[in-house]
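Please construct the entire structure, taking both the sequences and the accompanying hints into account.
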Amino acid sequence: MLALLRWAPPLIDQVTSSRSSRTMGAMLRGISIFEMTGRLAAKRLCGLYIRLSLWALLAVIVANAIGVESIYMHVTPFHAMYLPVLETTGNVAVLLVLAAFVGGALFLLRRHDWFGPELSPRALKWTLGGLVLFSFALAGAIAMMRGGLDGIAAPYLRSQYEYINDVGRGLTLRGLFHDYLKMHPYLSMHSKVHPPGPVALLWVLSYVFGREPSGLALATMVIGSLALIPLFFWVRDMSDQRTALTCSIVYAVTPTILLFTATSADILFMPFTLGALFLFWRALHRQSSAYALAAGVLYAIMSLLSFSLIGVGAFFGFVGLWKLADPRLRWSVVKTAVVMVLAFLLVHGLVYLWSGFDVIECFRVCKAQFDEDQRNLDMLTPRYASWVYKILNALTMAFFAGIPVTALFVWSVARSEGRAKAQTMVCLLTLAVLNLLYLARGEGERSAMYMIPFMVFPAALMLERLGSATRSLAPLAATAAFLLLQSWLIESFLYTYW
1 MLALLRWAPP LIDQVTSSRS SRTMGAMLRG ISIFEMTGRL AAKRLCGLYI
51 RLSLWALLAV IVANAIGVES IYMHVTPFHA MYLPVLETTG NVAVLLVLAA
101 FVGGALFLLR RHDWFGPELS PRALKWTLGG LVLFSFALAG AIAMMRGGLD
151 GIAAPYLRSQ YEYINDVGRG LTLRGLFHDY LKMHPYLSMH SKVHPPGPVA
201 LLWVLSYVFG REPSGLALAT MVIGSLALIP LFFWVRDMSD QRTALTCSIV
251 YAVTPTILLF TATSADILFM PFTLGALFLF WRALHRQSSA YALAAGVLYA
301 IMSLLSFSLI GVGAFFGFVG LWKLADPRLR WSVVKTAVVM VLAFLLVHGL
351 VYLWSGFDVI ECFRVCKAQF DEDQRNLDML TPRYASWVYK ILNALTMAFF
401 AGIPVTALFV WSVARSEGRA KAQTMVCLLT LAVLNLLYLA RGEGERSAMY
451 MIPFMVFPAA LMLERLGSAT RSLAPLAATA AFLLLQSWLI ESFLYTYW
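Per our numbering, the sequence shown starts with residue 1, numbered consecutively.
Don't read these hints as lab results, they were simulated from the structure. Please note: incorrect hints may appear among the correct ones.
Cut-off 35 Å, straight-line C-alpha distance, at most; resulting in silico cross-link-like pairs (DSBU-like, lysine-lysine) [said to hold, decoys possible]:
hint	residue 1	residue 2
1	K182	K43
2	K125	K43
3	K367	K390
4	K335	K421
5	K421	K390
6	K390	K323
7	K335	K367
8	K125	K323
9	K421	K323
10	K367	K182
11	K192	K182
12	K421	K43
13	K335	K323
14	K390	K125
15	K125	K421
16	K192	K367
17	K192	K421
Listed below in structure tokens is the structure:
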């Protein structure tokens, strides 16, 4: 990993930039990073990332040294225990996946100018397919760092906690929804605080992958990795192809996504979340009722997967308020909102007619269960009050989004201009709402991963701006390498349960 940080920026510079190198001594300290060579800009970024990481590490050490325990016997502010591990199989797998990815990236860059015309449809398909495969393989390799191959399926072996324990309940999918509230006291821990969507989704996947933990774990990784596709199209519609590719690369190596794609069923929600964001944006800007209908349907499905995902609607609201200022889009805003609401209600109405499932009563029962679980946690692993976690959860998300992503996100908030500024502010407001609505005291590294796109997109905007100014991929390469290093260090030293 350390070697990757050293050689990636110079190598990428050689492949993608024809500009001759300048000596370090000729660079003034006060020069804007946008006026530097790509290699020097990458070095400056790495220096920033290292300093921020050391400050974060110091804060964690001090907090634990003085006895601050946001969760009993855990490393504040994370839902994780300090448990170093060195698993040869996993580390070798990580190196092999990285070698294959770097080789594929260099192969592509020798045939396509990153800063030239957009990729052809055929080249784009191969590129997106490669990114999906990379996300799948690297997430599996990281999971193998704890327990080898068994580390991938390990989470689904804990049947008393996981949705997999409830696959088959009710005998049919209709029976699952019809009897969900009756079966509630006997469900697994996670099912008790969620609607039946996750169990139903795993049930459908079991027809292809089987019901064994290993098969459903692989299915989870496949579905989670496919989230890169709607992410790309969402960002491309909001910006351009190069920014979308940048965002997809950064997203794939963001610690939250990389660490939990193979170890958390919550990754199953990401394709639906990103698909809804993409369809909403397209419905609004193409003034399409069909896209609005599809966006509303996906949003309804999200509400059947996790009640927390309803908060993503804050993005729809903020974008709608922003676009109302544009006379050309006012009617589209109203039409999209009306069609999405009708589609949302229609889906829930059809589910009720099909199975008798009452989503409102389910929410009430799940909320009561959540409150009971919180009381039990206070007896087993004492935690601070909920209001404290509005700060701690944000800090945890900032760290697990990746030090580089957080730094670039803050930079985008402060320095972006024009349309990018408006988009970044919408993402910032959405994050603020999602943080307030997230109820759990901890575990946000995994269960609040739906916040990640709203951090990665502004970060990608800033990276693309920097790459275009320097005509180099070195800043992106350095950022991706640092994110990989951070993910590897987290998995090597912290046990995150999932």
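Evaluated hints:
| no. | hint | verdict |
| --- | --- | --- |
| 1 | K182 with K43 | violated (59 Å) |
| 2 | K125 with K43 | holds (32 Å) |
| 3 | K367 with K390 | holds (18 Å) |
| 4 | K335 with K421 | holds (26 Å) |
| 5 | K421 with K390 | holds (25 Å) |
| 6 | K390 with K323 | holds (29 Å) |
| 7 | K335 with K367 | holds (33 Å) |
| 8 | K125 with K323 | holds (32 Å) |
| 9 | K421 with K323 | holds (14 Å) |
| 10 | K367 with K182 | holds (16 Å) |
| 11 | K192 with K182 | holds (11 Å) |
| 12 | K421 with K43 | holds (26 Å) |
| 13 | K335 with K323 | holds (13 Å) |
| 14 | K390 with K125 | violated (40 Å) |
| 15 | K125 with K421 | holds (30 Å) |
| 16 | K192 with K367 | holds (9 Å) |
| 17 | K192 with K421 | violated (41 Å) |
Violation of the numbered hints given earlier is confined to hints 1, 14, 17; the remaining hints are satisfied by the structure.
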